[in-house]
Amino acid sequence: MVKRFFLGSYFFIAALPLVWLLLTSVKTRTDVIDPSFRVLPTQTVEASPPSFNPTTAGYRDLNEPISGSVHGFLHFLWNSIVIGLLSTIASVALGTSCAYGFSRFDIPGARDWLFFTLSTRFLPPLAVVVPLLVMYRTFDLPNTHIGLILLYTGFNLSLAVWLMKGFIDEIPKAYEEAALVDGYSRWQAFTRIILPQARTGMAVTAVFCLISAWNEFGFAMTLNNARAITVPVYFAGLQGDIQGIPWPRITAGVLVFVAPIVVFTVLVRNHILRGVTFGTVKQ
Amino acid sequence: MLELVDLSKTFPDGTQAVRGVSLGADPGELLVLLGPSGCGKTTTLRMIAGLESPTAGCVRLDGQEVTHSPASERDIGFVFQFYALYPHMTVLANLEFPLQNVGLDAENRQAAINDVVTRLGIAHLLDSFPSQLSGGDQQRIALGRAMVRTPRLYLMDEPLGTIDTGLRSDLRETFRTQQLDLEVTTVYVTHDQEEAMQLADRIIIMRDGVIVQEGSPHEVYDEPADLYVADFLGSPGMNLVQGRWEDQGERAFFATKESRISMPQIEIENDRDITLGVRPEHVSVETPLEESAAHLTGRVKRSEYRGDHYILHLDTPAGPFLVRSDRAHTSGQMNVRLPDERLCLFDTKTGRRLA
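Chains as they are written, first to last, in our numbering: chain A, 1 to 283; chain D, 1001 to 1355.
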């Protein structure tokens, strides 16, 4: 009973913002900024509080360019998808290979290297935004997809290396030694034996990397003012809109933006569950 | 066929795991590396496999030097202590894995798999995953995986160490039968002397990274090279009594603090510190006794029942002494005859055998 109560309260608190987003996305702008409390969708012609007349306008107009902008929402979503996915793939791939190296070979100063890798997370990222911007200018990287992909990969790499090292350390060496004596090269042993067994770890790492790249705002805004603008930056830019803030379209966009993360997390949820309880029970 | 020359391994932390091991194996021979844990036997095996690279010395296979060539190019079958079956593959896929990059067509692969499946009687396990099988079955599959490619050398790292006793002798028998049938040279690592005695054509006893003795099971059991081997082999090990050699010209004695045992004439300098060794099953309980024969007198403390025989624990002037006997003796004095031809004499200081 107590358990149910806590679960219920937690669910309520966690779901509230999402429910509010959903409600706002199906209102008219007038209803959104109406100070009275309107939460019940209704079909009545003149709805009065607490009811309102739902509309799908927020979704229909989602992709309409706003006040002088050339591109609509989908353009920015595409930017987010490209940057998020590629940086996640790069982080997981590099992180897994690095972790394998640290886990299996005698690397001189391995502990120091690992600490260095971790230390890249000590600094608040925004502290380096100015030097980074200067460096990016030198290499013509602002306003490019590759610029943000490199940046997010760099930021997520330390997490990926450390997470994956934990997972790969748990895979007994004997498996790949068996593959070696069975006539396979080190690389083949890695791809055919280690990778299939590291899938759980890779899924967990991928979720964390994707979420952090997907939601990143500070650098995406500083390093871009034209081409590689991601969804968070796009939404922020709408605040100065001359017609007032288009809340129904923003909330509709946010829901669409959150959906891929939810889907992805649900897809790998079994891996994540195994991942977070990993190593807690000695076999 | 297999040849190790002065093979050594020092780990980065300074541990000298193996120090100058040299040995050879003839085609079809089964060598057992025997020793307690940490004696360097597994490291030696891993260097033969190419899983560990030696810091000195060389490994030759069929006269060809392979010291630093990768494990994948050595054409060996390795059986690990903890099976190491690929957990994400079925038993069938595990058996097929070693065949997949040796350039065999599907038909020949199937034939090779069918052959080991019949040999080991594992047909009913093919669709299972390793985690669904018992340790014994897993090791059977691991054996199959090592056999399926018909490699030129089998290397086995305590393959039965974690298997239940009953199953263990079963598997041991299966393995020996197949090994004899396929005539594949094998190096087998174990710390279980019983296993070594049962399997080996030749036993190589290691300690602290060096070979202490090598020879047939008979040789190492009956003629141990030093105190260590004498004590290590046999269950229980050899009786070892410390004393002094007394050469009195016509007669020689082995003297402890409280007793003197007359000995056959052997060229040993007078007054040397000697350890006398004799196996519990080689001494006999006899009354009466000829005065001249080497013997010990002791009191029975207890009899230990071993099924088909007893081990008598004796208190003698020379110290505790074990005797194998067909009957239980509960108490009282008894004479134990020490047969000349079965006595081993060791130098107490160096531990080496003198006669």
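Wrong hints could be hidden among the right ones.
In silico lysine to any residue, SDA-like type, Cα no more than 20 angstroms apart, as pairs [said to hold, decoys possible]:
1. 173/A / 1342/D
2. 1257/D / 1297/D
3. 173/A / 1135/D
4. 173/A / 1088/D
5. 173/A / 1131/D
6. 1349/D / 1337/D
7. 1349/D / 1192/D
8. 173/A / 1082/D
9. 173/A / 110/A
Source of the hints: derived by calculation from the structure; they are not laboratory data.
To see whether the hints hold, each was checked on the structure:
1. Taking the CA atoms of residue 173/A and residue 1342/D, the gap is near 47 angstroms; set against the 20 angstroms cutoff, the hint is violated.
2. With a C-alpha separation of about 14 angstroms, the suggested pair residue 1257/D and residue 1297/D falls inside the 20 angstroms cut-off, and the hint holds.
3. Pair hint residue 173/A plus residue 1135/D holds up; C-alpha atoms about 19 angstroms apart against a cutoff of 20 angstroms.
4. Only pairs whose Cα atoms come within 20 angstroms are accepted, and residue 173/A paired with residue 1088/D is accepted, the gap being roughly 15 angstroms.
5. At roughly 17 angstroms between alpha-carbon atoms, residue 173/A and residue 1131/D fall within 20 angstroms of each other, so this suggested pair holds.
6. Restraint check: the Cα-Cα separation between residue 1349/D and residue 1337/D comes to about 26 angstroms, which exceeds 20 angstroms; the hinted pair is violated.
7. Only pairs whose Cα atoms come within 20 angstroms are accepted, and residue 1349/D paired with residue 1192/D is rejected, the gap being roughly 27 angstroms.
8. Under the criterion of a C-alpha separation no larger than 20 angstroms, the hint pairing residue 173/A with residue 1082/D is consistent with the structure, at around 11 angstroms.
9. Distance restraint check for residue 173/A and residue 110/A: the Cα-Cα separation of roughly 18 angstroms lies within the 20 angstroms cut-off, and the hinted pair is therefore satisfied.
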